Amino acid sequence: NAGVTQTPKFRVLKTGQSMTLLCAQDMNHEYMYWYRQDPGMGLRLIHYSVGEGTTAKGEVPDGYNVSRLKKQNFLLGLESAAPSQTSVYFCASSPYHEQYFGPGTRLTVT
Amino acid sequence: QQQVKQSPQSLIVQKGGISIINCAYENTAFDYFPWYQQFPGKGPALLIAIRPDVSEKKEGRFTISFNKSAKQFSLHIMDSQPGDSATYFCAASMVETSGSRLTFGEGTQLTVNP
Numbered sequence: 001n002a003g004v005t006q007t008p009k010f011r012v013l014k015t016g017q018s019m020t021l022l023c024a025q026d027m028n029h030e031y032m033y034w035y036r037q038d039p040g041m042g043l044r045l046i047h048y049s050v051g052e053g054t055t056a057k058g059e060v061p062d063g064y065n066v067s068r069l070k071k072q073n074f075l076l077g078l079e080s081a082a083p084s085q086t087s088v089y090f091c092a093s094s095p096y097h098e099q100y101f102g103p104g105t106r107l108t109v110t
Numbered sequence: 001q002q003q004v005k006q007s008p009q010s011l012i013v014q015k016g017g018i019s020i021i022n023c024a025y026e027n028t029a030f031d032y033f034p035w036y037q038q039f040p041g042k043g044p045a046l047l048i049a050i051r052p053d054v055s056e057k058k059e060g061r062f063t064i065s066f067n068k069s070a071k072q073f074s075l076h077i078m079d080s081q082p083g084d085s086a087t088y089f090c091a092a093s094m095v096e097t098s099g100s101r102l103t104f105g106e107g108t109q110l111t112v113n114p
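Those sequence lines, one after another, are chains A and B. Those letters in the first sequence? Residues 1 to 110, per the working numbering, in order. Those letters in the second sequence? Residues 1 to 114, per the working numbering, in order.
For reference, chain A alone in the conformation it holds in the complex (with noise of 0.2 Å):
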């Protein structure tokens, strides 16, 4: 089993650009999140889907969207980079509640 798997795993934008980061896990579970994590400050939820088909914000969703067309995948939007979006980036997915989280993509916005 490979987890959960990220991509792109590094990515530079320029402000305004657009982008689409894509998590895949391989384990069924219900549940997946996306967090952004900044020194200092933990991980911050983004948005989160309880299943295929659902997904509910989280803590910071503004300027994202986000997608759970199939049960295995749940991809984040970017529609118009800003550089306060520059961050590391972690998907996780869980049966309940424990979290199995992906290597992270690295974005960085100029």
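FYI, nobody ran anything at the bench for these hints, they're computed from the structure. Any given hint could be a false lead.
To be verified - Taking lysine-lysine pairs in the BS3-like style, the calculated list, with each CA pair at most 27 Å apart, reads:
id, chain 1, residue 1, chain 2, residue 2
1, A, Lys-71, A, Lys-57
2, B, Lys-15, B, Lys-71
3, B, Lys-57, A, Lys-57
4, A, Lys-70, B, Lys-68
5, B, Lys-15, B, Lys-68
6, A, Lys-9, A, Lys-71
7, B, Lys-57, B, Lys-68
8, A, Lys-14, B, Lys-42
9, B, Lys-42, A, Lys-57
10, B, Lys-42, A, Lys-9
11, A, Lys-14, A, Lys-71
12, A, Lys-57, A, Lys-14
13, A, Lys-57, A, Lys-70
14, A, Lys-71, B, Lys-42
Since the model is a prediction, treat every value here as computed from it, not as a measurement.
Given the coordinates of chain A, assemble chain B onto it according to the supplied hints.
Only chain B this time, still in chain A's reference frame:
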């Protein structure tokens, strides 16, 4: 609004010593308290977790102590090793109508000197 407060921000201990990281929470509806370990360039990984119906859980050198009345829990790392050097996050979770969500503390960067 930070619902889980973690301290200290950084911690340096000598090899063989005891590392102690503390967390406090506000929401009494939380029913699951995990600790995650993160190495540089990697995603967080679950280390140990506890539910509020027990006061302590031990797994190898790692122990969670839980004080429900004080709304505090802590991670103790016995016989700390250089390989334990990492960032540690406490978290708290509760089941809501829209699923289970984790709220993380700010993290503690642990350095174990040889």
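Consistency of the hints with the structure:
no. : hint                : result
1   : A/Lys-71 - A/Lys-57 : holds (18 Å)
2   : B/Lys-15 - B/Lys-71 : violated (30 Å)
3   : B/Lys-57 - A/Lys-57 : violated (33 Å)
4   : A/Lys-70 - B/Lys-68 : violated (39 Å)
5   : B/Lys-15 - B/Lys-68 : violated (31 Å)
6   : A/Lys-9 - A/Lys-71  : holds (22 Å)
7   : B/Lys-57 - B/Lys-68 : holds (14 Å)
8   : A/Lys-14 - B/Lys-42 : holds (25 Å)
9   : B/Lys-42 - A/Lys-57 : holds (25 Å)
10  : B/Lys-42 - A/Lys-9  : holds (11 Å)
11  : A/Lys-14 - A/Lys-71 : violated (31 Å)
12  : A/Lys-57 - A/Lys-14 : holds (25 Å)
13  : A/Lys-57 - A/Lys-70 : holds (18 Å)
14  : A/Lys-71 - B/Lys-42 : holds (24 Å)
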